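Produce the complete structure using the sequences and hints provided.
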Amino acid sequence: MEIEKLTALEIREGIIRGDFSCEELVKKLYKRIKVVDKDINAYLTLCEERALEDARKVDEKVKNKKILGKLAGVPIAIKDNICTDEIKTTCASKMLEDFIPPYNASVIKKLKEEDAIIIGKTNMDEFSMGGSTENSAFKITKNPHDLERVPGGSSGGSAAAVASGIAVLSLGSDTGGSIRQPAAFCGVIGLKPTYGLVSRFGLVSFASSLDQIGPITKSVKDCALCLDVVAGYDPKDNTSSKSQETISYLEGIDAGVRGMKIVLPEELLSQDINVEIKNAIEESAKKFKELGAEVEYIPLSVFNRGLSSYYIISSAEASSNLGRYDGIRYGYRTKEFKDVYELMVKSRSEAFGEEVKRRIMFGTLVLSSSYYEDYYKKALKFRENLSREFKKVFEGYDLILSPVTLDFPSKIGEKKSNLLEMNFGDVYTSNVNLAGLPAISIPCGKSTNGLPIGIQIIGDHFSERKILRAAEAFLGGAKV
Amino acid sequence: MKYETIVGLEIHAELKTKTKIFCSCSTKFGSRPNENTCPVCLGLPGTLPVVNEEVINLAVKAGIALKCKINQISKMDRKNYFYPDLPKAYQISQFNLPICKDGYIEINSKEKIKKVRLNRIHIEEDAGKLIHSENEAYSLIDYNRAGIPLIEIVTEPDLRSAEEAVAFLKALKEILEYCDISDCKMEEGSLRCDVNISLREKGSSKLNTKVEIKNLNSFKELQRAIEQEEERQRKLYALGEGHKIIQETRRFDSSKGETVSMRTKEDINDYRYFKEPDLLPILIRNEIIEKAKESIPELPNEKRERFKNLYKLNQKEIEIIVGDRSLAKYYEELVNKGVNAKIASNWLLSDISRLINENKLTIDKFPVRPDRMSKLLKFVESGKINNSAAKEVLEEMVNKLSDENPEEIIKKRGLIQENSVEKIKPIVEKVLKENEKVVEEYKNGKKQVKGFLVGMIIKATEKKANPRVINEILDEILM
Amino acid sequence: MKITIDEIKKISSYAKLIFKEDELEKMTRDFEKILNNFDTNDSLNLEDINLDNFDRVNSEFRKDEIEVFKDKKKLFRNTKSMREKNIEVPKLIE
Chain A
1 MEIEKLTALE IREGIIRGDF SCEELVKKLY KRIKVVDKDI NAYLTLCEER ALEDARKVDE
61 KVKNKKILGK LAGVPIAIKD NICTDEIKTT CASKMLEDFI PPYNASVIKK LKEEDAIIIG
121 KTNMDEFSMG GSTENSAFKI TKNPHDLERV PGGSSGGSAA AVASGIAVLS LGSDTGGSIR
181 QPAAFCGVIG LKPTYGLVSR FGLVSFASSL DQIGPITKSV KDCALCLDVV AGYDPKDNTS
241 SKSQETISYL EGIDAGVRGM KIVLPEELLS QDINVEIKNA IEESAKKFKE LGAEVEYIPL
301 SVFNRGLSSY YIISSAEASS NLGRYDGIRY GYRTKEFKDV YELMVKSRSE AFGEEVKRRI
361 MFGTLVLSSS YYEDYYKKAL KFRENLSREF KKVFEGYDLI LSPVTLDFPS KIGEKKSNLL
421 EMNFGDVYTS NVNLAGLPAI SIPCGKSTNG LPIGIQIIGD HFSERKILRA AEAFLGGAKV
Chain B
1001 MKYETIVGLE IHAELKTKTK IFCSCSTKFG SRPNENTCPV CLGLPGTLPV VNEEVINLAV
1061 KAGIALKCKI NQISKMDRKN YFYPDLPKAY QISQFNLPIC KDGYIEINSK EKIKKVRLNR
1121 IHIEEDAGKL IHSENEAYSL IDYNRAGIPL IEIVTEPDLR SAEEAVAFLK ALKEILEYCD
1181 ISDCKMEEGS LRCDVNISLR EKGSSKLNTK VEIKNLNSFK ELQRAIEQEE ERQRKLYALG
1241 EGHKIIQETR RFDSSKGETV SMRTKEDIND YRYFKEPDLL PILIRNEIIE KAKESIPELP
1301 NEKRERFKNL YKLNQKEIEI IVGDRSLAKY YEELVNKGVN AKIASNWLLS DISRLINENK
1361 LTIDKFPVRP DRMSKLLKFV ESGKINNSAA KEVLEEMVNK LSDENPEEII KKRGLIQENS
1421 VEKIKPIVEK VLKENEKVVE EYKNGKKQVK GFLVGMIIKA TEKKANPRVI NEILDEILM
Chain C
2001 MKITIDEIKK ISSYAKLIFK EDELEKMTRD FEKILNNFDT NDSLNLEDIN LDNFDRVNSE
2061 FRKDEIEVFK DKKKLFRNTK SMREKNIEVP KLIE
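If you're matching them up, the sequences are chains A, B and C in order.
Going by this note's numbering, the first residue of the first sequence is number 1, and it counts up by one from there.
Going by this note's numbering, the first residue of the second sequence is number 1001, and it counts up by one from there.
Going by this note's numbering, the first residue of the third sequence is number 2001, and it counts up by one from there.
Derived from the structure by calculation, the hints contain no laboratory data.
Every value quoted in this text rests on a predicted model; they were computed, and no experiment measured them.
Think of the CB as a built atom: it goes at the ideal place given N, C-alpha and C, for glycine as much as any other residue.
Don't take every hint at face value.
[What the hints assert, rightly or not] Per label pair, the in silico range of CB-to-CB distance:
#1 A/424 x B/1269: 51 to 57 Å
#2 A/85 x B/1358: 53 to 59 Å
#3 A/86 x B/1357: 54 to 60 Å
#4 B/1357 x A/242: 39 to 45 Å
#5 A/245 x B/1028: 37 to 43 Å
#6 A/388 x B/1214: 43 to 49 Å
#7 A/388 x B/1207: 40 to 46 Å
Shown next, in the form of structure tokens:
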């Protein structure tokens, strides 16, 4: 079996049918990882022993004809900001270089309950801050389609692992585009669920009101399957949504897009966007029309602005969330200190990377008394306004199509001169987080030199079903 | 120049819940260091807070008992600062939408009733405990206390003296204890009081610079700290050096007996308050408020009024009995079982209290429950036994842990009081005949020797004779 | 919006971070750019929105029942210095 070609659904079926055992599948995967990941550098930690143990347990279940979990035998890579009990969780930061959580994130618990096999922890931008995974303190992950380019970020390792066939499915996290952008750059599928659909308990917080965990997969059906497992109310996360979905996201996923009303931003036509990407988006719009949807370009002010608000809000929350890293209870501790304050200041200054420190500073600034009213508070009002604007759009339309990025992944080392590392086109992803909406990135074409192009499908709150249907229709059920 | 003292208090009380405010760790006091901790209250990466329902219930109860308005929609906020006892580097508290606002407590001040207004009550988490030892180069942190639920009660600057402040704190403590909201043990830290104090010229309406005083561990310290700070400020104003009074935090040094400036623990801190994104705003349903209302017992002031009118007890008696809810309960049970109000009070405040203290008990652990106690006291009232006999019976029930009924003990010890004049008279006559000299002294005007004679007669009757009857007979004979 | 380098220095003390002088200068300029961008774009046409009108609230809370995290050794495994079950830090002078 060619492990790199199999989807999660195919693996589960194959194991149940007896085409292969879980143990041999996992063994094969690790063999492949040892070869492929030398070039890609997607993984920070591998859990071979544990994974093989879990694989054997699945095989036992099959042998004893026990009921198998929804993700039985499926090898999954986990972004290294999701806490895994007894397995190092570093957030790609020197600050947590040797941190071993004493508990599992709720999503990990759910995966294990459904017999998934956790293969390892993937590389990312430090504390999820960045768009290229170059901000990792440990490794540089390469884009499998062009090893000289970045895989995107902050979930670069997760996306690259799936794209290069060294994970069947992975979990990433998305605060301003961190699942969707690397998925687009790596030519795979990445979904950011509605805020509150997936529990954040155990996800190391970057910006609490924006973060969501989501699946990165090779097929839309795998995405739906993963969502079935990880979505749902968690009493440990007060912000998780109580609206209970008892029907599988796979139900009706093949229903197509006939009759759906889909819109694209008119502004796209005159925007400074790479022409190949622009063409791919336009072609995609045509394809949706052919599939039976009503597609039109309308002015969409929801993408006119918002980057600075995203910065203000996410940095403010991050500055507070990262205060706990002071070297006292866990994490990096500086070698020499004469008092507690020096312990804290030196540990933080030595262990955090540049980008992280910058965002902490900016967040502290906008929350400080002379700036709070004019910036943080106003940014919250902007956010509320933006949510209302999106709501208006969804009153008349089912889905919004947009680019994921306006350009291709940069070459590794090409440090952007842009402050705080975002481009103006990033509003297409970050505004979705500000409004708490669900969105998926799926491949919609390739550039002339083989780089994947992604298109984003955005829906109203809790409209994942619609989004998955549209994505499945567009890709024709194919795997990427 | 006459100055008046303006005092406001900020009180923190630990709520009597089983678990912490944001996690399910136990709140038990006195556990081994870091025994009651978990990933959430330690602030480990990825953990999230979840509000304890009992915290809401008790905070609402406190609000109702203190006559506040309940904000049915309120929210939590983060107060950001760095300190080793604060695991997340922020405290989850409430900033501009607290759970209760306004309210008041009535206190006695200078023979009048004064209303002291409350500004607000809010809920928040406590920090861990730092332990510094004198001779070591290290400090130790115990996070058992991190996450313990607190209510913070802030008064308006309505208090005008140290006495009023103490009276207020005592009244507040009483209400919180009565309602089972908090243990209010200042020695254990479950009740803490900070003071804000300033002085201003009498007649002026504007407020001058206020000083905060922290670290007060008893009512006495509260009183002395205010008096000392009053003095310090008055002196400065008198010397025209009022500008030297700066907005700062001072602590009360009990050994020096004065307030001392605290080393700037970043006195002027920008807490960068913002709405807690990990917790949804709190909606308090009407049912919660109704339930809280129903769970509030008769409050101390009301009970005092009622005791005064119904049982006709004096101020001192009421202070002691009403001051302890369990004592008041015991008392009322006695009276409800038919014991005379005065007799019940006398016995409760003398012999029963003495036995409780001697045996290091509380009224709730006192082995003689109102049932048996009322029977015993009714015997005294009816004259079946006399006081000293009753004391004997009580001692037996307490010290010998006898669980027999009073009648049984009385019978066993032969303590039934003799009331019959026919039986007593001969003994009186006998004692008088044996003490003719004393009788002479009495008849010659030395009235006080009567007590001696009564004592001799009681002894002669083996303590069984009714003293009243003895006296009547004596009076008759000696006339 | 002009930010002074002194303000940034104060911010760094709040954030418990130390920087070189040139880093602070660059940050000051960068932050000004973002704030100006906000002033120019995002802060316009904001209706009078009341941030205390919440669309999601919670009225059901956690039951007051004790749960013990038994494995304390595991819980404190990542702590660099413990002494008799307390966490040890250099002496704090209050």
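Hints, verified against the model:
1. A/424 x B/1269: 51 to 57 Å: Hint violated: Cβ distance 37 Å, outside 51 to 57 Å.
2. A/85 x B/1358: 53 to 59 Å: holds (56 Å)
3. A/86 x B/1357: 54 to 60 Å: holds (55 Å)
4. B/1357 x A/242: 39 to 45 Å: violated (55 Å)
5. A/245 x B/1028: 37 to 43 Å: Check passed, 40 Å falls within 37 to 43 Å.
6. A/388 x B/1214: 43 to 49 Å: With Cβ atoms ~46 Å apart, the hint holds.
7. A/388 x B/1207: 40 to 46 Å: holds (43 Å)
Consistency with the previously given hints fails for numbers 1 and 4, ordered from lowest to highest.
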